[in-house]
Amino acid sequence: DVVMTQSPLSLPVTLGQPASISCRSSQSLVHSDGNTYLNWFQQRPGQSPRRLIYKVSNRDSGVPDRFSGSGSGTDFTLKISRVEAEDVGIYYCMQGTHWPWTFGQGTKVEIK
Amino acid sequence: QVQLVESGGGVVQPGGSLRLSCLVSGFTFSTDAMHWVRQAPGKGLEWLALMNYDGSDVQYVDSVKGRFTISRDNSKNTLYLQMNSLRPEDTGVYYCVKDAKGSLDYWGQGTLVTVSS
Chain A
82 DVVMTQSPLS LPVTLGQPAS ISCRSSQSLV HSDGNTYLNW FQQRPGQSPR RLIYKVSNRD
142 SGVPDRFSGS GSGTDFTLKI SRVEAEDVGI YYCMQGTHWP WTFGQGTKVE IK
Chain B
304 QVQLVESGGG VVQPGGSLRL SCLVSGFTFS TDAMHWVRQA PGKGLEWLAL MNYDGSDVQY
364 VDSVKGRFTI SRDNSKNTLY LQMNSLRPED TGVYYCVKDA KGSLDYWGQG TLVTVSS
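Protein sequences, first through last, are from chains A and B. Take any residue in the first sequence, count from 1 to its spot, add 81: that is its number in the working numbering. Take any residue in the second sequence, count from 1 to its spot, add 303: that is its number in the working numbering.
One chain only, chain B, in its complex shape (with noise of 0.2 Å):
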C-alpha cells in the first residue's frame, strides 16, 4: 500500500535552518509529482510547493519562495524540503502529499516543525 513517512522535524532558533525529508513507498515515486502541504498549530492547510517528476518543475507559495527548496532523490524514493530563514510563522505540521493531476491523493502522517526561541 502507498505509503509516506516524514521525518526531520523538530525545535528550531528563528532564523535557522531545518531539512525535511519523506520516504515513500507502494508507488512508483519516479513518475509522480509532489507537494509539501503544512497546518500551523489550530489552524487550515496551506500549500507550499511542487516538484515535477523528474524535478524539471517547481512551484512555491509566495510566502516560502526564496526560503524553502523542494527537492528529491529518485534513485532513494525520498521528497525533501530544504528550509532556511526559518520564521515563528512557519511553524506547524509539514506534510508531504503525493500529486494527482491538480489534485492530492495520498498524504504522510506529518512532521513537526517548532521556529521558537
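Pulled out of the complex, with its shape left as it was, chain A reads as follows (with noise of 0.2 Å):
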C-alpha cells in the first residue's frame, strides 16, 4: 500500500501568518492516465471532512484563495497564505491513484 506521510503533525500558527503542510507518499501517484490524484481535506472540530484541493493544485468552489496545493511526484505541499480562525482543524493528504487509497496521518492546525 502507498504510505502518505505528513509533516509536521500539529502545526500551532499565529493569525495572518502563513502556514505549510508537507506530504509525501512512498511511490509516484503519477496514475497510467497521467494525472496525479492527490488531494487534500480538512475536517473542522466536530465536523465531516470537507475537501479543499483535488489532483495536486485544484481547489474547489468556494474554498478560499488564502489556500493552494503544489508538488510533483511523490512530494506535495498546500500552502495557507494568511491564516485565519476558522481554518482551526486537522489537515489530510490523500491518494486516489493506486489502490487501496490511502490518507496521511493528519496534521492539526492550531492558532497560536
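No lab work stands behind these hints, which were simulated from the structure alone. Certain hints may be false.
Here's a subset of chain B near chain A, in silico, CB distances under 7 Å, partners left out [claimed, not checked]:
hint	residue
1	Leu-348
2	Trp-350
3	Gly-358
4	Gln-362
5	Val-364
6	Gly-405
7	Ser-406
8	Asp-408
Simulated restraints on C-beta separations [stated by the list, open to error]:
hint	chain 1	residue 1	chain 2	residue 2	range
9	B	Asp-376	A	Trp-180	18 to 26 Å
10	B	Gln-316	A	Pro-93	35 to 43 Å
11	B	Ser-420	A	Ser-113	29 to 37 Å
12	B	Gly-347	A	Thr-95	20 to 28 Å
13	A	Asn-116	B	Asn-377	23 to 31 Å
14	B	Lys-368	A	Ser-162	38 to 46 Å
15	B	Ser-359	A	Ser-88	20 to 28 Å
16	A	Asn-139	B	Arg-370	30 to 38 Å
A few chain B residues that don't get close to chain A, going by computed Cβ distances all over 12 Å [said to hold, decoys possible]:
hint	residue
17	Pro-317
18	Leu-326
19	His-338
20	Arg-370
21	Asp-376
22	Thr-394
Glycine included, every Cβ here is placed at the ideal spot set by N, Cα and C.
Once you've looked at the hints, go ahead and assemble the two chains, each given alone in its own frame, into the complex.
As C-alpha cells, then:
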C-alpha cells in the first residue's frame, strides 16, 4: 500500500501568518492516465471532512484562495497564505492513484 | 444540493453484524461510484471500500476484505455496507462519500458504530 507521510503533525500558527503542510508518498502518484490524484481535505472540529484541493492544485468551489496546493511525483504541499480563525482543524492528504486509497496521518492546525 | 445521509450505526458485540445505509440525493446516483471511509475515535481517516456505478467493480482495503461487503440499489438511491465479524477496532464513524475520479467530493455526516461487549 502507498504510505502517505505528513509533516508536521501539529502546526501552531499566528493569525495572519502563513502555514505550510508537507505530504510525501512512498511511490509516485502519477496515474497511468497522466493525472496525479493527490487531494487535500480539511476537517473542522465536530464536522465531516471537506475537500479543499484535488489533482494536486485544483481548488474546490467556495474554498478561499488563501489555500493552494503544489507538488509532483511523491512530494506535495498545502499552503495557507494567511491563517484565519476558521482554518483551525485537521488537514489530510489522500492519494487516489493506487488501490487501496490512503490518507496521511493528519496535521492539526491551531492558533497560537 | 447534494446530500448523503448515513444510518444504521449502533452498538454491537464483537463477532456481530451491522448493515449501514446511505441515502443520497441531489445528483444522479446511478452514474457515480461511491465509497465508505471510516474514522476511529480521535484518529485519522481510513478508506474502506469502493463500488462503481453499476456494481460491477468493487475494491476493499485489506483490513475489511472478507468481512465487509459494499453494495448499492440504484432504484433506491442507496449505498450499503454489510459488516460481519465485527471487532473492537472497527469502532468509529463511518462516512459515505461520493466518488470524483481519484477523489472524494461529497461526504455524509457519518454514522457511529461501536463494537463492544
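Outcome of the hint check:
1. Leu-348: 5 Å, holds
2. Trp-350: 4 Å, holds
3. Gly-358: Hint violated; Gly-358(B) Cβ to chain A Cβ min 17 Å, cut 7 Å.
4. Gln-362: 5 Å, holds
5. Val-364: Where the cut-off is 7 Å and the nearest Cβ of chain A is about 4 Å from Val-364(B), the hint holds.
6. Gly-405: 3 Å, holds
7. Ser-406: 4 Å, holds
8. Asp-408: 6 Å, holds
9. Asp-376(B) - Trp-180(A): 18 to 26 Å: 24 Å, holds
10. Gln-316(B) - Pro-93(A): 35 to 43 Å: 42 Å, holds
11. Ser-420(B) - Ser-113(A): 29 to 37 Å: Roughly 46 Å apart at Cβ, these two residues miss the hinted range, so it is violated.
12. Gly-347(B) - Thr-95(A): 20 to 28 Å: Since Gly-347(B) and Thr-95(A) have Cβ atoms about 26 Å apart, the given range 20 to 28 Å holds.
13. Asn-116(A) - Asn-377(B): 23 to 31 Å: 27 Å, holds
14. Lys-368(B) - Ser-162(A): 38 to 46 Å: 42 Å, holds
15. Ser-359(B) - Ser-88(A): 20 to 28 Å: 39 Å, violated
16. Asn-139(A) - Arg-370(B): 30 to 38 Å: 35 Å, holds
17. Pro-317: It holds; Pro-317(B) is separated from chain A by about 24 Å at its closest Cβ, greater than 12 Å.
18. Leu-326: Since the minimum Cβ distance to chain A is about 16 Å, Leu-326(B) lies beyond 12 Å and the statement holds.
19. His-338: 8 Å, violated
20. Arg-370: 15 Å, holds
21. Asp-376: Correct as stated: the minimum Cβ-Cβ distance to chain A is 23 Å, above 12 Å.
22. Thr-394: 18 Å, holds
Of the numbered hints stated above, those contradicted by the structure are hints 3, 11, 15, 19, listed in ascending order.
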